[in-house]
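So you can see what is in the structure, the chains are spelled out below.
There are 2 protein chains.
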Amino acid sequence: MSGISRRKLFGLGAAGVAAAGAGTLAVRSLPGEDATTHAAATSDAVPFYGEHQAGIVTPAQDRLHFVAFDVTTKDRAELVDLLQSWTAAAARMTQGQEAGAFGAVGGVPEAPPDDTGEALGLPASGLTLTIGFGPTLFDERFGLAGRKPKALADLPKFPGDALLPELSGGDLCVQACAHDPQVAVHAIRNLARIGFGRVSVRYSQLGFGRTSSTSRAQATPRNLMGFKDGTANLKLEDTAMLGDHLWVAAEDGADDGADDGADWLTGGSYLVTRKIRMHIETWDRTSLAEQEAIIGRTKGEGAAHGSAKEFDEPDFTRKGPDGESLIADVAHVRLAHPSSHGGVRMLRRGYNFVDGSDGLGRLDAGLFFISYQRDAHRQFVPVQLALARQDVLNEYIKHVSSGLFAVPPGVRDAGDYWGRALFS
Amino acid sequence: MSGISRRKLFGLGAAGVAAAGAGTLAVRSLPGEDATTHAAATSDAVPFYGEHQAGIVTPAQDRLHFVAFDVTTKDRAELVDLLQSWTAAAARMTQGQEAGAFGAVGGVPEAPPDDTGEALGLPASGLTLTIGFGPTLFDERFGLAGRKPKALADLPKFPGDALLPELSGGDLCVQACAHDPQVAVHAIRNLARIGFGRVSVRYSQLGFGRTSSTSRAQATPRNLMGFKDGTANLKLEDTAMLGDHLWVAAEDGADDGADDGADWLTGGSYLVTRKIRMHIETWDRTSLAEQEAIIGRTKGEGAAHGSAKEFDEPDFTRKGPDGESLIADVAHVRLAHPSSHGGVRMLRRGYNFVDGSDGLGRLDAGLFFISYQRDAHRQFVPVQLALARQDVLNEYIKHVSSGLFAVPPGVRDAGDYWGRALFS
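First to last, the protein sequences are chains A and B.
For the first sequence, the UniProt record's numbering gives the first residue as 1, with consecutive numbering after it.
For the second sequence, the UniProt record's numbering gives the first residue as 1, with consecutive numbering after it.
Heads up, some of the hints might be wrong.
Identical copies carry no separate label here, and so any pair may be met within one copy or between two of them.
Stated by the list, open to error - Derived pair list, reagent style SDA-like, types lysine to any residue, alpha-carbon separation capped at 25 Å:
#1 LYS398 - GLY356
#2 LYS148 - THR239
#3 LYS148 - ARG285
#4 LYS74 - GLY243
#5 LYS157 - GLY359
#6 LYS398 - ASP364
#7 LYS74 - ARG362
#8 LYS150 - GLY342
#9 LYS150 - GLU301
#10 LYS74 - ARG285
Hint data in this document are derived by calculation from the structure and do not stem from the laboratory.
With the sequences and hints as input, model every part of the structure.
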């Protein structure tokens, strides 16, 4: 049935046209709402413009929709146009407004709506949208090969990796975080809609229950192992450390290994994603004492063995009456701790996931690990190598997807766009 | 590596045992929390005991974890023991407490923990757990064939059905709803843990964003089509109608077709689930006027065509200047409306879902439809038949899973359990 015959079928006359006009709302609020409602809708908005992209040191929201895109156009100008349209839509949606009709013919009855509508009436919900550029974006298609930062080299293969190519990589990624999953899903969906014909969704992941805190104002949450996660995480308030460990610094021309990559990335960061499936049924049949020994912390308080409180610095030298270390040599907390890796830190921002079940009577659940750092090869890689080689936790987990993305700096104002320095 | 050698490896002495003891918490709160925190943890608890199960007329929470189980034991006594253990765990978890060690050897260091831990410190979050018994539970295994209600006969095959057997049916189901997905997931996971060796997970579905309101105190939410859903839904406050349309009544012995099933189900209900995949990319490229014509309501306000407000009763007789009905003959609102089906109503309680993407560049998203009714064959079936035959929306959706379950009445007190009347 064609669109025209269907409209005839439905007898769309003046009433239909009027309804279509009324549907083109300037803001994501319903007609007739008063100013109070609208104020509520914007009061929890996170600023979009700034030196760095939001969604990194922003206090971690509770919900995630992460998406990786393949770019399907081969036209550099189309890609730039898409990034401009996306930036404008992101600036609107993060402030609680509709996506807008960027790249489409909106506002007339024959055209698709300017917004998919499922977030109408919902507040901004702390939405942040954070874009990343994958290594494959720098192949021959868009003339970017010369701009690829050294630190965007592929991650090594780690022992035990069971990566699914279709759930890994991607030319572009967008991390949407919000307090309300409907708002995060709405944002990704509208970016995909705006990108129709230029990008296609490679994979997409929903997450709930942040597994790290990125601000000292937040309590440390628990992952699906039931343990507090990310106690030693890099946090918003660690201002001095953010420059050393999180943000890419400007090239200084000296060949001292301190340069982070390309100038266009100054003020940006590197994003690593790892989808880590947990064998939670096996874990759930492991004794509490053994779970705590594997992790190196108590389950209730989250204190390292030999310490009383979660934030007490672990004492890796302390031994029990039997002469053995209280924190085992291969305990997770020891293998992952900054002190085991020359003090390197990451900003972790992962989420729990449950993707239904796996057809074998088990929940398909785990951790969608996300970390931001100045150089993944100097920060994420050594830590993950140690874990992949020695962590007893490997009996209970499997890495099934991996991504590395260069995260450009923030958008300065309405005349700027995601990746402008890269394409200029 | 065996458990014993691993404990040796980790040098577990007195410290490990003490930690294990401390981990056995009586309530789902952390040691050292004050009474204020604990009060907050229980203030949003929904009562578990009552005439009907909670999670039906309970004002719809925002998050869902639905699971269907296959019973793997063939021993009726084991099944009854499981239902008793589950009931006790559900009574605890819905009140913000830990699941407990039902059916396991808890409380000693060698045993698995009494709770998986990821909800430690989280409030009750409005958690409800609602159990249902599928038609297959009444086969020859447990001696229940004579107790199967007539209304638990399989649903007919509807035109266009594309059901996946592995995502349909189930001997048992549990609907977990809560304001926090971590709490809903925790509950289902702990029921699966307690059921180890007696049941296995057949399928499991997460949902976010309730798509119906079950109380007049709730605004009508939007589904992923962007439209308000369930405006005409049966609601908590419709006390008189709940008896006619929702709760199974006692057998009166008369052969008048008014009996609902078996006596053990009095005060219960029937649950229908349908996983409805939406082709949202196609929908998003359809004009607003056409979307509104297909649904029969405006997208912004949700008013039926020819009406001004969402809750104005649709006038299906009104015609436009061109002589055509303002609400098309095949508009969704007309096909699904109670007035088209002799006034039958259902209590709908569905959720949006996004299960990542489908490998073809599209989001795997849609509606996990849930309805409760006194007799699905008299209520759900005629409505769904009309929709399956005529709804233009069928071009944009596909039913991929289906379930029908008999939902027993509520648990009266701590001496009662889910399904006691069935097994007595």
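> Taking 25 Å as the upper bound on the Cα-Cα distance, should LYS398 and ASP364 be classified as within, between, both, or neither?
Replying inline: The answer is both: 11 Å in one copy and 23 Å across copies each meet 25 Å.
> What label fits LYS157 with GLY359 when the C-alpha limit is 25 Å: within, between, both, or neither?
Replying inline: between (28 Å within a copy, 24 Å between copies)
> Given identical chains, is LYS148 near ARG285, meaning Cα to Cα at most 25 Å, within a copy, between copies, both, or neither?
Replying inline: Classified as neither: same-chain Cα gap 47 Å, cross-chain 35 Å, threshold 25 Å.
> For the identical chains here, do LYS150 and GLY342 meet the 25 Å Cα criterion within one copy, between copies, both, or neither?
Replying inline: within (22 Å within a copy, 70 Å between copies)
> Under a CA distance limit of 25 Å, which applies to LYS74 and ARG285: within one copy, between copies, both, or neither?
Replying inline: between (51 Å within a copy, 23 Å between copies)
>> With identical chains, the pair LYS74 and ARG362 could be close in the same copy or across copies; at 25 Å between alpha carbons, which is it: within, between, both, or neither?
In response: Result: close only across copies, 20 Å inter versus 42 Å intra.
> Which holds for LYS74 with GLY243 at a C-alpha limit of 25 Å: within a copy, between copies, both or neither?
Replying inline: neither (36 Å within a copy, 62 Å between copies)
> Is it within, between, both, or neither for LYS398 and GLY356, if the alpha carbons may be no more than 25 Å apart?
Replying inline: both (17 Å within a copy, 19 Å between copies)
>> I want to check one pair: LYS150 and GLU301. Are their C-alpha atoms no more than 25 Å apart within a copy, between two copies, both, or neither?
In response: neither (41 Å within a copy, 52 Å between copies)
> How would you label the pair LYS148, THR239 (within, between, both, or neither) given a Cα cut-off of 25 Å?
Replying inline: neither (28 Å within a copy, 66 Å between copies)
Consistency with the previously given hints fails for numbers 2, 3, 4, 9, ordered from lowest to highest.
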